[in-house]
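This is what each chain is made of:
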Amino acid sequence: MRIDYNLNDKFDFALFFSMLGLTIFGLIAIYSSTVHHPTASGNFEKQLFSAVVSLILFFVLYMFPTSYFKDSSIYMYALSIFMLLLVLVVGRKISGARSWITFAGFGFQPSEFAKIGMIFLISNFLSKQDTEIDSFRDILKTLAMGMLPVVLILVQPDLGSTFVFFAVILVLMYWKGISLLGLFIVLAPGLVAIASLFGIYSFIAALVVVIAALFYFKKDIISSAAVFAINLAAGFFADYVYKALSEHQQTRIRSFIDPTADPLGAGYNAIQAKVAIGSGGLLGKGFLHGNQTQLQFIPEQWTDFIFCVIGEEFGFIGSLIILALFVVLFLRILKIATSTKDEFLSLLIIGIFTVYLAHFIINLGMVVGFMPVIGIPLPFVSYGGSSLLINMGMLGIVANVYRTRKNYT
Amino acid sequence: MTNRKTFLYIALTVVMALVFLRLFQMQILDQKNYEEKAQENSIRRVEQIPLRGVFYDRNLKLIVSNNPAYTIRVTPSEYNKYANTLNPILESVLDVEPGYINKILYNNRTYSKYIPIRIKRGIDLKVVSWLEENSEHLPGVDYIVEMQRSYLDSIVGSHVFGYTKEINPKQLEAEKGYYTAGDYVGNTGIEKFYEKQLRGVKGYNCILVDSKRKEIGRFKDGMDDVNSIKGKDLVLSLDSDVQKAAEEALRGRRGAIVAVEPKTGEILAFVSSPEYDLNQFSYVTPKDYLRDLYSDPQKPLFNRAVMSLNPPGSTFKMLAAMAALEEGIIDTNTTYYCGGGFSYGRFYKCDGVHGTLNVIHAIEHSCNTFFYQLILKIGLEKWSDYAHRFGFGKKTGIDIGGEATGLVPDEAYYRKHYGANWPRGAMVSLGIGQGELNVSPIQLAQYTALIANNGRTFVPHIVKGYLDDKTKKIVPYQFKEVTAPLKQKTYDIVKRGMFLVVNGSGTGAALKIPDVKMAGKTGTAQNPHGKDHALFIGFAPFDNPQIAVSVIVENVGFGATYAGPIAKHVIETYLSKDYKKKKMEAKAPKFQLEAEGEQIAD
Numbered sequence: 000m001r002i003d004y005n006l007n008d009k010f011d012f013a014l015f016f017s018m019l020g021l022t023i024f025g026l027i028a029i030y031s032s033t034v035h036h037p038t039a040s041g042n043f044e045k046q047l048f049s050a051v052v053s054l055i056l057f058f059v060l061y062m063f064p065t066s067y068f069k070d071s072s073i074y075m076y077a078l079s080i081f082m083l084l085l086v087l088v089v090g091r092k093i094s095g096a097r098s099w100i101t102f103a104g105f106g107f108q109p110s111e112f113a114k115i116g117m118i119f120l121i122s123n124f125l126s127k128q129d130t131e132i133d134s135f136r137d138i139l140k141t142l143a144m145g146m147l148p149v150v151l152i153l154v155q156p157d158l159g160s161t162f163v164f165f166a167v168i169l170v171l172m173y174w175k176g177i178s179l180l181g182l183f184i185v186l187a188p189g190l191v192a193i194a195s196l197f198g199i200y201s202f203i204a205a206l207v208v209v210i211a212a213l214f215y216f217k218k219d220i221i222s223s224a225a226v227f228a229i230n231l232a233a234g235f236f237a238d239y240v241y242k243a244l245s246e247h248q249q250t251r252i253r254s255f256i257d258p259t260a261d262p263l264g265a266g267y268n269a270i271q272a273k274v275a276i277g278s279g280g281l282l283g284k285g286f287l288h289g290n291q292t293q294l295q296f297i298p299e300q301w302t303d304f305i306f307c308v309i310g311e312e313f314g315f316i317g318s319l320i321i322l323a324l325f326v327v328l329f330l331r332i333l334k335i336a337t338s339t340k341d342e343f344l345s346l347l348i349i350g351i352f353t354v355y356l357a358h359f360i361i362n363l364g365m366v367v368g369f370m371p372v373i374g375i376p377l378p379f380v381s382y383g384g385s386s387l388l389i390n391m392g393m394l395g396i397v398a399n400v401y402r403t404r405k406n407y408t
Numbered sequence: 000m001t002n003r004k005t006f007l008y009i010a011l012t013v014v015m016a017l018v019f020l021r022l023f024q025m026q027i028l029d030q031k032n033y034e035e036k037a038q039e040n041s042i043r044r045v046e047q048i049p050l051r052g053v054f055y056d057r058n059l060k061l062i063v064s065n066n067p068a069y070t071i072r073v074t075p076s077e078y079n080k081y082a083n084t085l086n087p088i089l090e091s092v093l094d095v096e097p098g099y100i101n102k103i104l105y106n107n108r109t110y111s112k113y114i115p116i117r118i119k120r121g122i123d124l125k126v127v128s129w130l131e132e133n134s135e136h137l138p139g140v141d142y143i144v145e146m147q148r149s150y151l152d153s154i155v156g157s158h159v160f161g162y163t164k165e166i167n168p169k170q171l172e173a174e175k176g177y178y179t180a181g182d183y184v185g186n187t188g189i190e191k192f193y194e195k196q197l198r199g200v201k202g203y204n205c206i207l208v209d210s211k212r213k214e215i216g217r218f219k220d221g222m223d224d225v226n227s228i229k230g231k232d233l234v235l236s237l238d239s240d241v242q243k244a245a246e247e248a249l250r251g252r253r254g255a256i257v258a259v260e261p262k263t264g265e266i267l268a269f270v271s272s273p274e275y276d277l278n279q280f281s282y283v284t285p286k287d288y289l290r291d292l293y294s295d296p297q298k299p300l301f302n303r304a305v306m307s308l309n310p311p312g313s314t315f316k317m318l319a320a321m322a323a324l325e326e327g328i329i330d331t332n333t334t335y336y337c338g339g340g341f342s343y344g345r346f347y348k349c350d351g352v353h354g355t356l357n358v359i360h361a362i363e364h365s366c367n368t369f370f371y372q373l374i375l376k377i378g379l380e381k382w383s384d385y386a387h388r389f390g391f392g393k394k395t396g397i398d399i400g401g402e403a404t405g406l407v408p409d410e411a412y413y414r415k416h417y418g419a420n421w422p423r424g425a426m427v428s429l430g431i432g433q434g435e436l437n438v439s440p441i442q443l444a445q446y447t448a449l450i451a452n453n454g455r456t457f458v459p460h461i462v463k464g465y466l467d468d469k470t471k472k473i474v475p476y477q478f479k480e481v482t483a484p485l486k487q488k489t490y491d492i493v494k495r496g497m498f499l500v501v502n503g504s505g506t507g508a509a510l511k512i513p514d515v516k517m518a519g520k521t522g523t524a525q526n527p528h529g530k531d532h533a534l535f536i537g538f539a540p541f542d543n544p545q546i547a548v549s550v551i552v553e554n555v556g557f558g559a560t561y562a563g564p565i566a567k568h569v570i571e572t573y574l575s576k577d578y579k580k581k582k583m584e585a586k587a588p589k590f591q592l593e594a595e596g597e598q599i600a601d
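Protein sequence lines correspond, in order, to chains B and U.
Under numbering that gives the first Met the number 0, the residues of the first sequence are numbered 0 to 408, in order.
Under numbering that gives the first Met the number 0, the residues of the second sequence are numbered 0 to 601, in order.
Hints may contain errors.
As the list claims (entries may be wrong) - Listed below are the simulated SDA-like cross-link pairs for lysine to any residue, each with C-alpha atoms no more than 25 angstroms apart in a straight line:
| no. | chain 1 | residue 1 | chain 2 | residue 2 |
| --- | --- | --- | --- | --- |
| 1 | U | Lys36 | B | Arg402 |
| 2 | U | Lys112 | B | Asn290 |
| 3 | U | Lys112 | B | Leu56 |
| 4 | U | Lys4 | B | Leu180 |
| 5 | U | Lys36 | B | Gly285 |
| 6 | U | Lys4 | B | Gly285 |
| 7 | U | Lys36 | B | Phe183 |
| 8 | U | Lys80 | U | Tyr99 |
| 9 | U | Lys4 | B | Ile132 |
| 10 | U | Lys469 | U | Tyr99 |
| 11 | U | Lys530 | U | Ala509 |
| 12 | U | Lys469 | U | Lys112 |
| 13 | B | Lys127 | B | Phe183 |
| 14 | U | Lys471 | U | Lys112 |
| 15 | B | Lys69 | B | Leu56 |
| 16 | U | Lys471 | U | Leu171 |
| 17 | B | Lys405 | B | Ser66 |
| 18 | U | Lys36 | B | Asn406 |
| 19 | B | Lys334 | U | Tyr99 |
| 20 | U | Lys4 | B | Gly189 |
| 21 | U | Lys4 | B | Phe16 |
| 22 | U | Lys36 | B | Lys334 |
| 23 | B | Lys334 | U | Leu11 |
| 24 | U | Lys4 | B | Arg402 |
| 25 | U | Lys381 | U | Ala419 |
| 26 | U | Lys31 | B | Leu319 |
These aren't lab readings, by the way, just hints derived from the structure by calculation.
Can you make the complete structure from the sequences, with help from the hints?
Quick look at the structure:
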């Protein structure tokens with residue numbers, strides 16, 4: 000067989016195989032956690048089917064004419080907003096959040112699709128010639144584009160996705176080259192809002208830091224006052240948002256502060272997840288031999304807590320393999336994002352990169368006990384058809400950009 | 000651009016490093032810790048309660064055994080939803096007061112609603128079949144079979160066997176290693192004394208449970224299970240026929256009987272009356288019953304055989320006689336005159352006018368005057384020393400708890416209580432077993448056994464040993480020998496006197512048993528609170544004693560009239576048993592009573 004020496008140049012094997020590796024690892028873990036489960040035992044087959052469909056989408060998008068992406072931005076965004084509205088009307092409620100649309104027997108989460116829609120539109124906007132990222136007007140425009148889906152998702156409500164959206168907006172603006180001041184103006188209200196959740200003292204402390212920063216930037220008094228007012232408002236707004244969260248999310252945030260306070264309640268998952276991973280040791284308990292997994296100590300482990308299965312049954316070694324695959328994936332995506340000269344494509348890929356990374360951080364942070372339990376899947380590994388479809392589709396776009404990167408030099 | 004890229008690389012590196020270090024900490028450094036938690040999580044040990052050892056009598060007749068009993072349970076996870084409807088129904092079927100179930104469920108609540116809670120033990124078979132029939136309408140209700148004690152109808156034995164009871168928090172605290180709440184432990188009698196032997200060794204099954212403690216199966220197919228070890232089946236020295244006879248003889252009266260085999264110290268019968276019904280204790284003890292027992296003026300829970308203390312009365316005369324004979328103060332030629340009493344500071348009266356008599360006849364006729372004079376010759380210290388040699392003033396060490404020490408006074412005692420010039424007259428009463436002298440029925444039985452067997456017996460005991468399950472042989476428990484080494488002649492003289500009590504013209508002449516030579520001594524314990532207590536000690540056959548008995552009947556009066564016949568009945572019952580008779584006939588040749596008597600009396 001003749002090897003096409005050009006193939007390596009057109010197709011990023013490292014990217015593809017790290018994705019494939021994660022998906023296969025995920026399938027193994029899903030099989031292990033559901034094979035003895037009374038109601039979820041068909042999940043492995045479903046995920047396998049989703050993986051095949053997703054791979055097809057990956058290749059379709061890989062082969063897609065690259066120039067079409069930019070033109071489709073506005074349609075993608077419009078479609079995602081439409082679906083977010085639709086889900087509020089016809090959506091199915093699962094664990095307190097109305098986030099699913101069922102179509103022809105398949106469940107689909109519009110919030111997954113909305114990520115890509117938003118990335119497309121913002122990347123499109125930021126890559127326009129006349130966009131001035133450090134202008135207050137364009138910052139607001141960018142934020143507005145991002146906030147529309149965020150608001151619709153918060154109504155569902157889906158806390159995890161909201162974090163991801165914020166991360167994507169922020170990183171896109173950062174990648175575009177926002178100034179330190181601009182970044183401060185965008186970032187500060189969010190940090191103040193989070194600080195306010197921890198009580199009045201941390202709220203005041205955060206405001207003091209904001210004032211100190213305003214002195215550092217030495218802007219005129221009116222701008223400074225406006226920024227401070229926004230931060231102050233954000234703090235009070237956070238309280239409103241916190242109350243808007245569903246009760247189980249509230250208790251999860253509370254129990255993060257002290258998970259042992261209610262070991263059979265909200266802190267339960269966090270404790271059991273740590274026990275599962277920790278007890279895996281160096282080599283793990285072996286495939287299908289993790290008692291935490293097999294005895295279903297963690298509800299719906301195949302979704303957000305899939306990493307526990309790997310940690311328990313394949314141990315530290317297994318965990319490191321997952322980590323390594325993600326490192327390869329992230330490095331490849333970053334490499335492609337920096338190698339393309341087209342600003343839109345670069346922003347698009349950085350947006351996709353941010354989606355993966357945010358998911359990775361929030362999910363891993365949750366299962367190893369760094370963060371509160373916020374339901375968010377681990378890309379490629381967790382069970383979930385729409386999530387896998389969107390993730391592989393996005394990576395198809397990345398691979399597409401790699402394929403045609405030389406056309407844009 | 001390069002700057003921005005570098006920052007993203009740094010951020011990525013920091014994130015990966017943090018996750019890596021955290022995983023390293025969890026999976027490598029703290030692995031043991033998490034592993035333990037994972038194990039605790041998923042495997043629950045369910046105790047196997049071993050079968051409690053049963054009791055056989057000395058002829059290997061089963062006298063206390065185990066019977067299956069039904070216990071109704073409720074699993075709150077399923078039951079609670081329907082509690083409001085089911086509570087009144089169950090409460091009426093179980094015949095308990097309204098609110099009973101909620102109270103039990105509340106008192107026994109645990110962290111998991113999946114753990115069944117015992118509602119009532121020993122439920123009726125009718126209720127069990129009702130549960131079976133209606134099981135589909137009774138979510139979360141089930142029953143299990145547990146073992147309860149089962150007793151013979153013919154013997155009560157409440158103070159020998161004792162009862163078992165659900166362990167109380169205090170006991171649980173004291174015995175932390177072994178017991179868990181809900182266990183049954185021996186609370187009195189042999190059940191208590193031999194608790195460690197009877198209970199066996201608990202085992203456990205490893206059960207897999209899920210995160211909600213719901214059972215999902217056996218761990219490793221039971222490979223890690225540890226089987227329980229059955230409790231030891233005890234062989235008692237009791238003879239169920241003798242025990243039955245003794246119980247019947249005392250029924251309706253207050254008192255105690257202890258019958259012992261002199262050569263071995265084995266207890267043949269052990270009765271304290273009134274008794275109580277052990278069957279009431281075999282499962283949930285009704286509170287009313289226990290309260291009644293505590294408040295009963297007859298004190299049925301009081302084990303008179305080892306706990307009641309009274310002056311021994313005339314049964315103690317042999318002690319003074321033996322002390323005097325052994326010390327050479329008197330011999331059979333020594334005589335005292337009885338004119339109906341004795342003056343020593345005041346007048347101490349005798350029950351008759353006996354004239355001149357020696358020690359043998361003094362015992363035969365229970366002459367007080369003789370012993371008033373004798374104890375003054377012996378002296379308090381010597382007398383006290385001999386009382387101790389025969390086991391008075393200290394616990395015998397019988398294998399039943401709660402034994403009383405009793406009191407044998409000596410000079411130090413009187414000096415302590417009455418000063419240096421204590422009235423010497425106090426001593427005079429001691430000669431006839433009255434005054435500040437307290438003994439228990441078990442001490443008297445041991446004393447009788449020592450006399451019967453010429454100063455050699457063993458610590459009185461109820462359990463001979465246990466029955467080895469494999470060999471079906473009795474593995475004996477070891478008991479210490481108890482000796483009172485006196486000259487054989489001393490014993491012969493005293494026993495001769497006791498023989499004449501029954502077979503001569505003595506106080507117990509009415510107690511003569513045909514074909515069997517019995518010896519004994521009546522006694523009357525003065526009781527400041529009412530009628531005197533009747534006492535009798537005796538043994539038979541005279542030549543080769545097989546049984547020694549001590550009997551006390553409270554508040555009835557003279558010993559020969561009440562206690563003597565009871566002792567006689569117990570002795571007769573034992574000796575009339577076929578095997579005993581044969582043994583006796585083979586062993587004991589006809590002996591010449593008259594000749595022997597003359598020899599000693601000279």
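We went through each hint and held it up to the structure:
1. U/Lys36 / B/Arg402: violated (50 angstroms)
2. U/Lys112 / B/Asn290: holds (22 angstroms)
3. U/Lys112 / B/Leu56: Roughly 48 angstroms separates the two Cα atoms, so the pair is violated.
4. U/Lys4 / B/Leu180: holds (19 angstroms)
5. U/Lys36 / B/Gly285: Given pair U/Lys36, B/Gly285 holds - Cα atoms ~18 angstroms apart, limit 25 angstroms.
6. U/Lys4 / B/Gly285: violated (40 angstroms)
7. U/Lys36 / B/Phe183: Not OK: U/Lys36 and B/Phe183 at ~45 angstroms, beyond 25 angstroms, violated.
8. U/Lys80 / U/Tyr99: OK: U/Lys80 and U/Tyr99 at ~17 angstroms, within 25 angstroms.
9. U/Lys4 / B/Ile132: Holds, at roughly 18 angstroms.
10. U/Lys469 / U/Tyr99: Violated - the C-alpha atoms of U/Tyr99 and U/Lys469 are around 46 angstroms apart, more than 25 angstroms.
11. U/Lys530 / U/Ala509: With Cα atoms ~22 angstroms apart, U/Lys530 and U/Ala509 stay inside 25 angstroms; holds.
12. U/Lys469 / U/Lys112: violated (43 angstroms)
13. B/Lys127 / B/Phe183: holds (23 angstroms)
14. U/Lys471 / U/Lys112: Violated, at roughly 45 angstroms.
15. B/Lys69 / B/Leu56: holds (18 angstroms)
16. U/Lys471 / U/Leu171: violated (34 angstroms)
17. B/Lys405 / B/Ser66: holds (13 angstroms)
18. U/Lys36 / B/Asn406: With Cα atoms ~57 angstroms apart, U/Lys36 and B/Asn406 exceed 25 angstroms; violated.
19. B/Lys334 / U/Tyr99: violated (73 angstroms)
20. U/Lys4 / B/Gly189: Since the Cα atoms of U/Lys4 and B/Gly189 sit roughly 24 angstroms apart, the hinted pair holds (cutoff 25 angstroms).
21. U/Lys4 / B/Phe16: holds (24 angstroms)
22. U/Lys36 / B/Lys334: violated (43 angstroms)
23. B/Lys334 / U/Leu11: At roughly 13 angstroms apart (the allowed maximum being 25 angstroms), U/Leu11 and B/Lys334 satisfy the hint.
24. U/Lys4 / B/Arg402: Given pair U/Lys4, B/Arg402 holds - Cα atoms ~21 angstroms apart, limit 25 angstroms.
25. U/Lys381 / U/Ala419: Roughly 19 angstroms separates the two Cα atoms, so the pair holds.
26. U/Lys31 / B/Leu319: With Cα atoms ~19 angstroms apart, U/Lys31 and B/Leu319 stay inside 25 angstroms; holds.
Hint check: violations occur at hints 1, 3, 6, 7, 10, 12, 14, 16, 18, 19, 22; the rest are consistent with the structure.
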